[in-house]
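Peer 1: Below, each chain spelled out in residue letters.
There are 2 protein chains.
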Amino acid sequence: MPNFDSVYSANARNMKKSVIRELLKLTVQPEIISFAGGLPAPETFPVADLKAAADVVFDKHATKALQYGTTEGDNDLKAELIKFEGRQGVTIAPDNLLIVSASQQALDMVAKVFLDPGDYVIAGRPTYVGAIQAIQSYSAKVLGIPFTPEQDGFDMDALDREYQKAIHAGSKVKYIYVIPDFQNPAGFCWSLAKRKALLEFSYKHDLIIVEDSPYREIRFIGEHVPSIYQLDQQGKNVGNIVNLKTFSKILTPGVRVGWIMGHKDLIGKLVIAKQAMDLCTNVFAQKWLAEYMATGKLDGVIKATCANYREKRNVMVDALEEHMPKRWEIKWTKPEGGLFLWISLPKFMNTDELIYKAVEQEKVAFVVGSAFYFDNPERNAMRINFSYSNPDQIREGVKRLARVIESELKAYEAGHRAQTAPEGV
Amino acid sequence: MPNFDSVYSANARNMKKSVIRELLKLTVQPEIISFAGGLPAPETFPVADLKAAADVVFDKHATKALQYGTTEGDNDLKAELIKFEGRQGVTIAPDNLLIVSASQQALDMVAKVFLDPGDYVIAGRPTYVGAIQAIQSYSAKVLGIPFTPEQDGFDMDALDREYQKAIHAGSKVKYIYVIPDFQNPAGFCWSLAKRKALLEFSYKHDLIIVEDSPYREIRFIGEHVPSIYQLDQQGKNVGNIVNLKTFSKILTPGVRVGWIMGHKDLIGKLVIAKQAMDLCTNVFAQKWLAEYMATGKLDGVIKATCANYREKRNVMVDALEEHMPKRWEIKWTKPEGGLFLWISLPKFMNTDELIYKAVEQEKVAFVVGSAFYFDNPERNAMRINFSYSNPDQIREGVKRLARVIESELKAYEAGHRAQTAPEGV
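Just so you know, the protein sequences line up as chains A and B, in that order. According to numbering that gives the first Met the number 0, the first sequence is numbered sequentially starting from 0. According to numbering that gives the first Met the number 0, the second sequence is numbered sequentially starting from 0.
One or more of the hints may lead you astray.
No copy labels: a pair is met if it fits in one copy or bridges any two.
With a straight-line Cα cutoff of 27 Å, these simulated BS3-like cross-link-like pairs (lysine-lysine) come out [claimed, not checked]:
(1) K398 - K140
(2) K15 - K195
(3) K59 - K82
(4) K164 - K409
(5) K16 - K398
(6) K302 - K63
(7) K325 - K203
(8) K296 - K63
(9) K82 - K409
(10) K398 - K325
(11) K171 - K140
Hints listed in this document are in silico derivations from the structure and should not be mistaken for laboratory results.
Whole structure, please, built from the sequences with the hints as guidance.
Peer 2: See below:
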């Protein structure tokens, strides 16, 4: 066997396996209720309408759809996306738009064009694990910023402090990575005030903001808040925001198509990067999505998906209220959108250990909170997903989860009493 | 506007636009006969059978095909590929196989896991421009090796010499990149002896070979030569060969699906890299290709494609014989497979300039030879494609090309006579 280790790049040595994707392999047994993945509900996929749209592609555009396409993306799909964004109040031209092989490619691409080894990206504590992986894969680092206790965005004092500390230490901070709408993993949604404050911070320090919005359309409670991309566009229009969007959560992840919106100069650079990465995104999928969007049915699917997830989120929140131990400090977020909520346990609990008991003894899975930190992870939290399971599974899964936690609490309390009780009593 | 230039990574500054993809934009006018692209013939796409296979996916596997998939790739597609490779004498297990978003992603991924800035990759002079771009996009370099006059592979003395020079200069050589079957751009096919010699060289110096085989199945004249991957497998079985394959030239490039074969340890590392790059390849496309392959019709499509390209290649070679100027040294390859041939012109000609005259005056396009060199390009060559145009277009296009070259020769001869004639005569 060749000694591959001796020839891997520094980047390759910095690459870490996704805890989530490894966990997902453990949880394929049918008896396990998995809250681990981030999978959309399959019942939301409009199979018949997607088939009809694919038929149109075969009948009308087959030779184009089966051929190579431009790196920039299919013009018909771009036209549909421009209308789709327009209905949300975002104005873009074709050269502000790049079609990508879904958001993870966008994260990789942005990291590749901005990050040198040792550079920093500002991101939340916690934040999306795939973004951390993309950053690490270019030997760059994350400057983690905690959220406020109100969960309405970064603690801006901490942001200022950490940024100044990094700059004074000679580090280069290349961009700010945020998921303002129903953040993965915790479901936090940034307030308008906090979005504006971050935008001002980015102007002041001449920083790019990478705004990742996979869940933006999946708001099932409350009113939409303008995206940071929109706030810049409707205000000073500096053009320093890059907005990442995807079909993965609003229609289907299987086709691997997303889009990047940004300043045309940056889009031009990303196009060059993409040429060397995969030449172009799946042409058939692009034509297919364009045909599907032209039917006008996507908005209805998004509405139905929101209704589906609202119900499931409510079932999960109610079940947590009902079954979770009422002593110690056990808390969970109550998100107004997205796919996840976040449970915080007492400091003495460690979900990196709890996961094995949960899967083996109670047949329920979650993602360990530590996965969502670049460094110094909090180990007393977990991410649970409510989009994929059905309401009965959610109720049963939460019961199981509550039993695991209850048993951990009891063990701790027994040990604690034993330790604090005088010897021999 | 933000000053993006000040924040781009060193990698981004090393990225170069693809001359080919830029050229393709110039050549979309219908009156231009373009030999520039590397597009397969659309008439070879089995549209009805692909539609039938897609229908099966919609009817039987819709929710799986529209959902996220594993990074490693769809098991059904892997099973079909294992059979497909088996029929060619290549034995692989599922963990020797990674499904990728076509070969360009494979090239990017291999570069990412092996190359640190300043590292070298050994590759041909000329070689595939997309491979050069991928290498440059990690700030690495190409150690260019010329081919023998017989065009049967690298000049092995030059390889030895250049390798020793690089090693003594303290450079790290990470892998050898070759396209042994009907190489892009020139159509060269490596002899069995040269493949064995390169394999021995790789064993001796403990080097990985990245064997890119997009055209391997597209042999329309002569007998198949074992791949280097096969030679290792059937011989010492060291496992240092990575073989890149794709559906792009044997079925359809529009679906963007390819596969990597290699040692399971390396495949494992590439899986981790791919997690951060795009999570997984288009799941719908994978299920669709698996269904299509299960019909057993792919081999027939490959046979028909070979017949189609054989005819076009013959038309092109015949037209060149008929129309090209018979004076000076004008040569072209006569490939036994693939999509391209390579024209070498006299040293005093520069195709970087000729291309504009060709497109503007004669409405015929090619790719400038200089695009296929990392450094010190030869400027007196061009790549022309025979797969995309029809026979009439090929005949007419070659006539136009011959006229441009004839006019250049005349201008040179006139200037040459003027210069060498005594003044005032």
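Peer 1: Starting from the hint list further up, note which numbers the structure goes against and sort them upward.
Peer 2: 1, 2, 4, 5, 7 and 9
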